Amino acid sequence: MPEDVQMQDDVEAETFAFQAEIAQLMSLIINTFYSNKEIFLRELISNSSDALDKIRYESLTDPSKLDSCKELYIKIIPNKEDRTLTIIDTGIGMTKADLVNNLGTIAKSGTKAFMEALQADKVTVTSKHNDDEQYTWESSAGGSFIVRPDHGEPLGRGTRIVLFLKDDQQEYVEERKIKEVIKKHSQFIGYPIKLVVQKEREKEVSDDEAEEKEAEEEEMKEDEDKPKIEDVGEEDEDKDKEYGEFYKSLTNDWEDHLAVKHFSVEGQLEFRALLFVPKRAPFDLFENRKQKNNIKLYVRRVFIMDNCEDLIPDYLNFIKGVVDSEDLPLNISREMLQQNKILDYVSRMKENQKSIYFITGENKDQVANSAFVERVRKRGFEVIYMTEPIDEYCVQQLKEYDGKTLVSVTKEGLELPEDEEEKKKREEDKAKFENLCKIIKDILDKRVEKVVVSNRLVTSPCCIVTSQYGWSANMERIMKAQALRDSSTMGYMAAKKHLEINPDHPIIENLRQKAEADKNDKSVKDLVMLLFETSLLCSGFALENPQTHASRIYRMIKLGLGIDEEEATGASGDTAVEEMPSLEGDDEDASRMEEVD
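The sequence shown: position 500 = 500 (the UniProt record's numbering), numbered continuously.
Everything labelled a hint here was simulated from the structure, so no lab data went into it. Some hints could be false.
[As the list claims (entries may be wrong)] Taking lysine-lysine pairs in the DSS-like style, the calculated list, with each CA pair at most 27 Å apart, reads:
hint : residue 1 : residue 2
1    : LYS54     : LYS179
2    : LYS166    : LYS184
3    : LYS378    : LYS399
4    : LYS522    : LYS446
5    : LYS179    : LYS248
6    : LYS558    : LYS525
7    : LYS239    : LYS184
8    : LYS80     : LYS54
9    : LYS519    : LYS446
10   : LYS248    : LYS279
11   : LYS194    : LYS177
12   : LYS279    : LYS320
13   : LYS183    : LYS241
14   : LYS519    : LYS432
15   : LYS350    : LYS423
16   : LYS350    : LYS425
17   : LYS438    : LYS525
18   : LYS424    : LYS378
Only a predicted model underlies this, so the values are computations on that prediction, with no experimental measurement involved.
Construct the complete structure from the given sequences, taking the supplied hints into account.
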């Protein structure tokens with residue numbers, strides 16, 4: 001470079017300080033966030049791919065954007081003598097403002113390139129955008145960086161990053177190491193990656209001539225070295241061959257695969273998967289301690305990890321393949337998935353809420369309108385609706401999360417935060433309705449284990465809850481549907497039913513008054529049985545004898561309409577006397593609502 005041009009650049013050079021105390025953060029970022037030092041090259045290639053995507057998208061509406069450089073590629077140039085590694089792309093490039101803002105602020109995505117580049121003692125970034133002149137950004141990872149016009153070799157369009165590698169990072173100028181990193185992390189980048197290498201070739205030379213070295217460009221293209229992930233499309237004759245080639249390159253298996261599944265999923269998370277079943281079971285199929293690395297996870301075609309236990313259950317660990325997603329959340333190092341729960345329940349919990357409340361059932365409408373959630377929702381607590389059969393099995397194993405116990409609102413022992421006034425009222429209600437609870441228990445006998453005053457009901461008169469360690473009504477329904485169910489398990493796991501009554505409901509209050517006036521009143525017994533059977537249905541249980549319940553309903557309808565039973569039977573011409581189902585529980589087996597197989 002001529003001296004006058006160099007002096008002009010020095011005059012025009014501007015020095016900027018890093019924002020957000022980035023100078024102090026740099027060593028922390030590099031030494032803490034990245035467990036694998038080779039990640040820096042993956043990130044630089046990923047950034048180049050993003051830049052190429054941007055210019056390609058812009059060229060779709062304005063083809064002249066590509067006039068400055070038609071070819072889209074990434075080039076890597078290692079230099080052992082100067083100990084530098086250069087990454088060049090013909091992407092969209094950066095303006096002067098982009099260099100200052102993106103590379104100087106830790107919050108901007110462009111800083112990833114700079115942070116990864118800190119494998120180097122010094123970094124220079126030269127970039128040319130179609131809308132600006134060519135500029136160079138330079139930093140030695142101190143507290144500042146320099147931006148100046150660049151009058152050197154014109155890029156046309158794109159970015160050139162030069163890393164002056166540290167003494168202990170010299171392996172990254174070795175051809176073998178660079179190829180290894182690219183093949184592992186950037187195998188499916190959608191643009192050609194060119195690697196400039198030095199090779200020795202033997203030539204016939206005269207005695208006084210020596211061997212010559214010459215530099216060559218070697219394109220690491222997918223179509224030669226490896227199959228490419230194809231988008232999901234219509235099957236054709238070549239698909240099986242392509243799948244076979246891809247499977248062998250992915251797994252190094254000498255045999256063809258047994259089966260393949262290629263699919264895409266769209267929703268809250270979108271991903272594509274290509275999964276293979278090998279012909280032979282692996283010899284260590286049942287080895288639990290082995291590393292599970294048969295499924296490779298990519299995000300935007302950049303390799304993230306191959307030991308993701310959450311991708312596939314252990315019993316399917318023989319399946320091999322790849323999963324690629326556009327929007328899976330990653331942690332800051334992009335080396336692993338971020339634990340991003342769609343269910344953000346705990347963060348919204350009330351200050352006085354100590355437990356996570358949930359309810360299981362057949363569908364959302366059923367659980368949302370259930371009597372069990374009345375009081376909990378009135379208090380402003382969220383209730384998790386679990387409507388899948390597998391949920392029942394999960395909550396039996398998942399007892400707590402983040403120090404918060406999981407509590408089913410359909411089981412006994414539900415404790416809600418109460419103030420002193422509420423506690424006092426609850427004790428008064430227990431004393432007031434103690435006699436009614438005994439009367440109801442005597443009427444229902446062995447149909448329920450106990451009758452108590454409820455703290456979970458608001459608008460419903462009563463409900464049936466189950467014991468803490470037994471099955472819920474929904475689980476009992478699921479198990480009864482099993483063709484090969486274990487009858488002995490059903491015997492001791494089937495729900496022990498507890499009837500809870502609402503002390504604030506007018507039906508319960510009137511029933512208390514009637515029972516205290518005459519506990520042998522036939523209508524009291526009839527009402528108790530009707531309430532019990534209705535509660536069974538509302539609580540998710542099935543009636544053993546629905547006809548008995550129907551007869552009670554018809555009797556109540558007749559009483560409501562003022563129809564005498566003798567008139568009803570006489571009008572039908574039937575001399576037989578209609579008998580009410582037994583209320584006394586004499587025939588226990590016949591009238592029992594829930595009978596365990």
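Contradicted hints - numbers only: 8
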